[in-house]
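J.: Add chain W to chain D, keeping to what the hints say.
Protein chains in written order, with my numbering: chain D, 1 to 495; chain W, 1 to 105.
Since the hints were made in silico from the structure, they are not lab data.
Cross-link-like lysine to any residue pairs, in silico, SDA-like; alpha carbons within 20 Å at most:
{"id": "1", "chain 1": "D", "residue 1": "199", "chain 2": "D", "residue 2": "63"}
{"id": "2", "chain 1": "D", "residue 1": "186", "chain 2": "W", "residue 2": "62"}
{"id": "3", "chain 1": "W", "residue 1": "87", "chain 2": "D", "residue 2": "426"}
{"id": "4", "chain 1": "W", "residue 1": "20", "chain 2": "W", "residue 2": "94"}
{"id": "5", "chain 1": "D", "residue 1": "472", "chain 2": "D", "residue 2": "258"}
{"id": "6", "chain 1": "W", "residue 1": "47", "chain 2": "D", "residue 2": "391"}
{"id": "7", "chain 1": "W", "residue 1": "79", "chain 2": "D", "residue 2": "335"}
Some, not all, of what chain W presents toward chain D, calculated at C-beta under 10 Å:
{"id": "8", "residue": "65"}
{"id": "9", "residue": "71"}
{"id": "10", "residue": "72"}
{"id": "11", "residue": "83"}
{"id": "12", "residue": "84"}
{"id": "13", "residue": "87"}
Non-contacting residues of chain W with respect to chain D, defined by C-beta distances greater than 10 Å in every case (computed):
{"id": "14", "residue": "8"}
{"id": "15", "residue": "16"}
{"id": "16", "residue": "20"}
{"id": "17", "residue": "40"}
{"id": "18", "residue": "57"}
{"id": "19", "residue": "60"}
{"id": "20", "residue": "96"}
{"id": "21", "residue": "99"}
{"id": "22", "residue": "100"}
On a predicted model such as this, the values are computed, not experimentally measured, just so you know. Even for Gly, the Cβ is constructed at its ideal location relative to N, Cα and C.
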Amino acid sequence: MENKDRARQIVSGYKYDFKDPEEYVYKEEKGLNENVIKNISKIKKELQWVTDFRLKSLGIFNAKKMPTWGADLSKINFDEICYYIKPTEKLARSWEEMPDNIKKTWDRLGIPEAERKFLSGVGVQYDSETVYHKILKDLALKGVVFVDPDIGLNPTEEKIEEMAETLDISIDVARRNLMQAHEKFKEFFSTVVPPRDNKFAALNSSVFSGGSFIYVPKGVKLNMSMPLQAYFRINASNMGQFERTLIIADEDSEVSYLEGCTAPVYSKQSLHAAVVEVVALRNAKVRYTTIQNWSSDVYNLVTKRAVAYENATVEWVDCNLGSSVSMKYPSVYLVGKGAKADMLSVAYAGRGQHQDVGNKAIHAASETSSRIISKSVSKDGGKSTFRALVRIEEDADNCKTTTECSALLLDEKSKTDTIPTIEVNNHTASANHEASVGRLSEEALFYLQSRGLSDEEARAMIVLGFLNPIVKTLPLEYAIEFNKLIEMSMEGSVG
Amino acid sequence: MKMIKICNLSEFSDNNIISKIVNSKNIALVKIKEQVFAFDDECTHEKYPLSHGMIDENNGNPILECSYHGTKFNLKSGKVVALPATKPLKIYKTEIKQGEVWVEL
Chain D
1 MENKDRARQI
11 VSGYKYDFKD
21 PEEYVYKEEK
31 GLNENVIKNI
41 SKIKKELQWV
51 TDFRLKSLGI
61 FNAKKMPTWG
71 ADLSKINFDE
81 ICYYIKPTEK
91 LARSWEEMPD
101 NIKKTWDRLG
111 IPEAERKFLS
121 GVGVQYDSET
131 VYHKILKDLA
141 LKGVVFVDPD
151 IGLNPTEEKI
161 EEMAETLDIS
171 IDVARRNLMQ
181 AHEKFKEFFS
191 TVVPPRDNKF
201 AALNSSVFSG
211 GSFIYVPKGV
221 KLNMSMPLQA
231 YFRINASNMG
241 QFERTLIIAD
251 EDSEVSYLEG
261 CTAPVYSKQS
271 LHAAVVEVVA
281 LRNAKVRYTT
291 IQNWSSDVYN
301 LVTKRAVAYE
311 NATVEWVDCN
321 LGSSVSMKYP
331 SVYLVGKGAK
341 ADMLSVAYAG
351 RGQHQDVGNK
361 AIHAASETSS
371 RIISKSVSKD
381 GGKSTFRALV
391 RIEEDADNCK
401 TTTECSALLL
411 DEKSKTDTIP
421 TIEVNNHTAS
431 ANHEASVGRL
441 SEEALFYLQS
451 RGLSDEEARA
461 MIVLGFLNPI
471 VKTLPLEYAI
481 EFNKLIEMSM
491 EGSVG
Chain W
1 MKMIKICNLS
11 EFSDNNIISK
21 IVNSKNIALV
31 KIKEQVFAFD
41 DECTHEKYPL
51 SHGMIDENNG
61 NPILECSYHG
71 TKFNLKSGKV
81 VALPATKPLK
91 IYKTEIKQGE
101 VWVEL
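Looking at chain D on its own, in the form it has when it is part of the complex (with noise of 0.2 Å):
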């Protein structure tokens, strides 16, 4: 590592912060206009329907005023971030094929390793695009699809080649589960979030470009303790990330899908917009994990909806230890008899960090049942908000609702607000709510100094235990890092 790097690090307190030097195939000017709409759209080589789609959702994004609650999001300035850069020719059908220094973040985040370990496929973007996109051969010959959705949206003779080189499967194969996935790509994008839902959803639909795209054929369980996974990589300062992931479990179908994000840290802001659809069928099961440790400079603004047919499950793990700023709320749409959501959310507010998250449950089906389990630390005069809604329709009968939000404060300087909102229209519901707001205990803290540990130690093995019921679901070599990176960010909580 150079000592530059480890310097940066140190100071920051960030373990990701380190940059490779801007050597991009094309970078779009700062600002966002028509033209940079339609220079993206040709870069991509898209269709004219895509490019439409694109313009008509920057006129929204023109129109729609910015929210007037929630985080501050006054000092963002749409005309200092750079909307598109394309860092590599083409994408990479080895880890051996990226450029030196691109290759060289990954094998820094240990990616390759993860995937040769314990993934079932992987995808990496890095700025705007995706650099390398992999699935087990097994799982393709299934008919399972994990692609950029630039291939989603086309999937062109072109691709359906390289997919069919890379994965080391027929040509045959590689159409026909290309195009099957295409018809319901087709079917399902922009459903589940339209662009006019909300000002940064407009965003994103007017520049999205990266993300994933997943089909789960019929019938097709993959192992869920073995990921599909995205890692999204800024490097660029004053940088804009649009991913948008589009994932269709089909009936009797299941995935898990796991993501990671950093960045370095610069003084100037960068904008992560993303938007997720999830789209779970008939009996399908959904787990979409997000581990989100952006850097400082960071704002981290994302639409993530899934909708849940009859005795579908979904279940968001969503950890936030980064960003300046984050609004998100992935929520669950109980559309089907019998449907399911479980959602799980951490959040961790440090100095200068602002994590304003939740979750939404709406139960528009009867004999659904949602939980929401949220946990949050605030230290250093961060401050964390948790925000939940669980709307029963008074259609749905016999539905099951749980909230628990729990929030700790390891200082006088920091805050946290819980805001809930259950609103019960049918009469057969059963709907329960807890929450809790504490400090560390001086009594552990005294007990666990008493057995050797420092106070510093004590303070971090206090604050893993509280977030343990949640981080014990991720896998098992996520859950060792998430655990190193809070021990770390607690280093200096003392004094």
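T.: Positioned in the frame of chain D, the structure of chain W alone reads:
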């Protein structure tokens, strides 16, 4: 339920949504090609007026998009095609008789 004359065909231009109040009910209407569709002028999401919405088409079906949060309804069936609404839209039967538009209310 009975058929009520609501307006004249001459009040429409293609794909332009108009709004009428009938029996204290806000009803929105739109003429698409030769057919008139009538529906509640209230999005089932957060009750914003659908008469401010836009008309589109998907696989031969007329689609109404709410201009506030993007919900889409199939105007033939009232079914939700895009979230965030979850409840279908009430669609009313219409007839055109000698230049007049009648709605079953």
